[in-house]
Amino acid sequence: MSAEVVTGVTMGTLAPGFRTFLWIALGVIVAGIALLVASRRGSPHYRRRVALAGRYLLLILLAVIVLFPIYITVVDSLLKPDQVVAKPPILFPFHPQWSSYSTAWTQGHLGLYLMNSFIVTTVIVVGELATSIAAAYAFAFLEFPFKRTLFVLFLATMMVPLEVTFLTNLSTVVSLGWYNTYLGLTVPFLATGFGAFLLRQAFLGLPRDLRDAAKLDNAGHWQFLRRVVLPVARPSLAALGIFAFFSAFGQYLWPLIVTKNDRLRTVQIGLKFLANSQLNNFNVIFAGTVIAAIPLFVLLILFEKQLVRGLTAGAVKG
Amino acid sequence: MAQVALRDVTKVFGDVEAVRDVSLEVEDQEFLVLLGPSGCGKSTVLRLIAGLDTPTEGTIEIGDRVVNDIEPQERDVAMVFQSYALYPQMTARRNIEFPLKNRGTPKDERERRVRDVAEALELTEVLDRRPAQMSGGQRQRVALARAIVRRPEAFLMDEPLSNLDAKLRTQTRTELIELQRRLATTVIYVTHDQVEGMTMGHRVAVMDRGVIQQVARPTEIYDHPANLFVAGFIGNPPMNTLSGSPHSQNGDLGIETVGGSIPLTPAQQDAVRRSGVTTVVAGVRPEHVVLDSDGPIDATVAVVEALGYEYHVVCRLNDGQQVIIRLPPEAVVPREGENVHLGADPIRLHLFDAATGHGLV
Amino acid sequence: MNVTHPFERLKPDRLPGESVGAGLRKTRSRRRRRTMESLLAFGLLLPSLVIFGVFVFYPLIRQIYLSFFLTPPFPGEPNHYVGFSQIQQVLSSHDFLNSLWVTLLFVLYTVPAGLILGLLLAVLAHQQLAGIRFFRTVFSSTVATSVAVASVIFFTLLNPEVGLFSYLFGTQGQLSVLDDPRWALLAVSVVTVWQNLGLSFIIMSAGLQAVPDELLEASRIDGARAWARMRHVILPMLSPTLFFAIVVGTILSLEAFGQIDILTAGGPLQHTNVLVYAIYDQVFNQDNDGRAAVMTVALFLITLVFTLFQIWLLERRVTYER
Chain B
64 MSAEVVTGVT MGTLAPGFRT FLWIALGVIV AGIALLVASR RGSPHYRRRV ALAGRYLLLI
124 LLAVIVLFPI YITVVDSLLK PDQVVAKPPI LFPFHPQWSS YSTAWTQGHL GLYLMNSFIV
184 TTVIVVGELA TSIAAAYAFA FLEFPFKRTL FVLFLATMMV PLEVTFLTNL STVVSLGWYN
244 TYLGLTVPFL ATGFGAFLLR QAFLGLPRDL RDAAKLDNAG HWQFLRRVVL PVARPSLAAL
304 GIFAFFSAFG QYLWPLIVTK NDRLRTVQIG LKFLANSQLN NFNVIFAGTV IAAIPLFVLL
364 ILFEKQLVRG LTAGAVKG
Chain D
291 MAQVALRDVT KVFGDVEAVR DVSLEVEDQE FLVLLGPSGC GKSTVLRLIA GLDTPTEGTI
351 EIGDRVVNDI EPQERDVAMV FQSYALYPQM TARRNIEFPL KNRGTPKDER ERRVRDVAEA
411 LELTEVLDRR PAQMSGGQRQ RVALARAIVR RPEAFLMDEP LSNLDAKLRT QTRTELIELQ
471 RRLATTVIYV THDQVEGMTM GHRVAVMDRG VIQQVARPTE IYDHPANLFV AGFIGNPPMN
531 TLSGSPHSQN GDLGIETVGG SIPLTPAQQD AVRRSGVTTV VAGVRPEHVV LDSDGPIDAT
591 VAVVEALGYE YHVVCRLNDG QQVIIRLPPE AVVPREGENV HLGADPIRLH LFDAATGHGL
651 V
Chain S
3 MNVTHPFERL KPDRLPGESV GAGLRKTRSR RRRRTMESLL AFGLLLPSLV IFGVFVFYPL
63 IRQIYLSFFL TPPFPGEPNH YVGFSQIQQV LSSHDFLNSL WVTLLFVLYT VPAGLILGLL
123 LAVLAHQQLA GIRFFRTVFS STVATSVAVA SVIFFTLLNP EVGLFSYLFG TQGQLSVLDD
183 PRWALLAVSV VTVWQNLGLS FIIMSAGLQA VPDELLEASR IDGARAWARM RHVILPMLSP
243 TLFFAIVVGT ILSLEAFGQI DILTAGGPLQ HTNVLVYAIY DQVFNQDNDG RAAVMTVALF
303 LITLVFTLFQ IWLLERRVTY ER
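Protein chains in written order, with the working numbering: chain B, 64 to 381; chain D, 291 to 651; chain S, 3 to 324.
Please note: incorrect hints may appear among the correct ones.
Claimed, not checked - The calculated BS3-like cross-link candidates involving lysine-lysine, where the alpha carbons are at most 27 Å apart (straight line), are: (1) B:Lys-278 to D:Lys-397; (2) B:Lys-143 to B:Lys-335; (3) B:Lys-143 to B:Lys-210; (4) B:Lys-335 to B:Lys-323; (5) B:Lys-278 to D:Lys-391.
Just so you know, the hints here were simulated from the structure itself, not pulled from any lab data.
Bound conformation, chain B alone (with noise of 0.2 Å):
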């Protein structure tokens, strides 16, 4: 490909876009060296505001950069399919097609995978926030035997994800009858030992005057956990939540395998039957992506300090 962008600078013969595409990729560093210049002469404070320009221009086209196929994805949802793959092309839906949406809800079926991904991550996120919390109170507030051999082995699950084992899984899940079922699609993923170790460590942060306090004032198990360690850990669990949501919704491989059929494919493999079958109706399989987007990125905004915390746990602290 190089050689012909070469062939094709020093000719003169290249594509309209591809020409487009060097004139603002010209632009851009033109920009950049006309600040760097810029920002070595002059009194400090025209530096200073040539410096704060240059910081803007680096952050917008970063953005631009990383935006760009968002935008063009929502943009070309919402035009006719010939005028997506118009050339130049639109950058703006003036006559917004709505169409598209419906098409990729009825016709590909959108609404019905939507619903089986939003029944099977909620499933699997409360699963695993109930096994995450009862495993991880007895690895902070019990005594027992083997206690650190088991939490290893809770550790060293994290070690073998789904891609080293859906073989057998499978093979499990069928002889179950499981296949092809919402059963086969979750109960493999009720319990994780990144749950386990995120709560034990969210739990053993409980000041021990408040567990003392706890034992001398009779309070159980149960009334210890509801009312005292749980309502202190609130943002672990949500953390945990969130992180688990994303993860769940965002399977691939295990659905894949495990649904044969329309009734219980969840979005993800659905936009990917979607791209097959829509062909050039691009519009429509953007459309159909930003549906199966949607509900991640209304997590993300509502959600995103907690996600944040769920993410970086272990990370900073190491």
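Since the structure of chain B is provided, determine the placement of chains D and S on it from the hints.
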């Protein structure tokens, strides 16, 4: 019948002996203070009584019953923690009624008790607030209320005043004393503050490094400290100590120190002779040192601290040791740099074996 | 008017049913209590352990076991024990070695780039500028794109006839970059890096928060320029985060599947046939469980070795704040 008793209790954590051979009897309705510096084991003793830790050796008795194997919640003791340990997500009301709820107390009984306690401790306005929305003093009272509401055999308090500011501390101190008299229950109170120890307790148990140094009434501790540690720990400014060797002069035994020779009463001389000790530490409290031109000790005035209600005159001996004198506000105060002679009534002397710290009496 | 002191109202009454010593009625021997506690603990761990047993440990063991058996060409015939020969054959086969190579390349293409870009964005977004929150949201936005979403977007944009990117890069009508053996893996890597950018940004930002501002101030006063500050202050303080990101990032990239399935299906000419895809292919297209089993065990061991090696290599270079 002792309300709470420890018999030869030892507690070891790893290779650290936190508490060694502690025996203590606390009488019914007594306010006993466990006093000592940080790390002396007093909090450990409290936790052992509560059942939050189990003794390595020895027995703990509550109400004449050995409770070593009995869970904390069944020992009928309540604890007020230094950090208050209030449940952060519960309102004050919920915090206070929590122990009652867990014991199945019927609802109206529960509400009555919470109301009474809240009124007594002036918490009625904050009952529906969370700990984060209360002041330090209010939180402390909620912690107290939570303990009181159970009417336990004994109250265990772990430095409950240390997180309060000075003014509140003094005020609450008095209130706690009144409270204990009013409730007529046994209180075991841990603190490192000797003022609290001296003012609040019927008796004080002084601890250092896991061992009980002396258990006695506050005045007894002050006037007759059993060893050097107690002598130095109680009293502010601390007791002046000078070490020296017994020295015979004209048949009379005196203590030869850097500053001069300190005369002894006949009883004291007997005690010193009998003990056979070679180095003696002589102690005398700042309020008992007098400026006496015939005094045996030579010193120079280093600093004069004027506190308003009294003077602290810090004097230095030749070798740099210091002796502090307390003088009433109307006294004639020496100037800094002045050379003075110090003396004291021998009766006011406390003598200790320099090697072991034990008192010689 | 209150004449009595509030304390007066506190009667020294005991809770009904409790008198001296009565509260101490329930004594259970300590051993029995400890047994109950252990039982409770095991009960709490049981659900997780059952799931782990069935879906994590059993598969691993079974797949190791399966590696020793040839899968018959026709279903219904029994498996044929062959000892180590199948393992040997698979591990030295061209397909496996190719997959191994492709996977390693993929890790190499995606992990460092993802880290560096995430760090770059995090540093840029760490500045105190007006409206920086907007940029932070933008940079973290790709965390909401799942693998399928990102892959479908790029698949469409890279369509050789009419895709926008084909237009922009002047390759319309020609071979799609996804069908070009020279560029396919790189293209898939770019998609992966883009999709992971949000996550990388969030992790690096969080790590950056932990760098105390005073240290940066001090170094600025000491005259350190931007790059020197980066090297001597930011990177060391960030090392726990970087360590975490490298280890976790490698593990995740070794397990990549979705983007391969959607974008290239392992092609062209096996140039994007990462291990997981190859395993998938063996199971579903070639019906060869035995060979697939060998490869899954290989994948597991490779991941394990990689992780342990990285931990060994990098852990001591991490400076933890005490």
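Structure-based check of all given hints:
1. B:Lys-278 to D:Lys-397: holds (21 Å)
2. B:Lys-143 to B:Lys-335: holds (21 Å)
3. B:Lys-143 to B:Lys-210: violated (62 Å)
4. B:Lys-335 to B:Lys-323: holds (14 Å)
5. B:Lys-278 to D:Lys-391: Judged against 27 Å, a Cα distance of about 13 Å means the pair holds.
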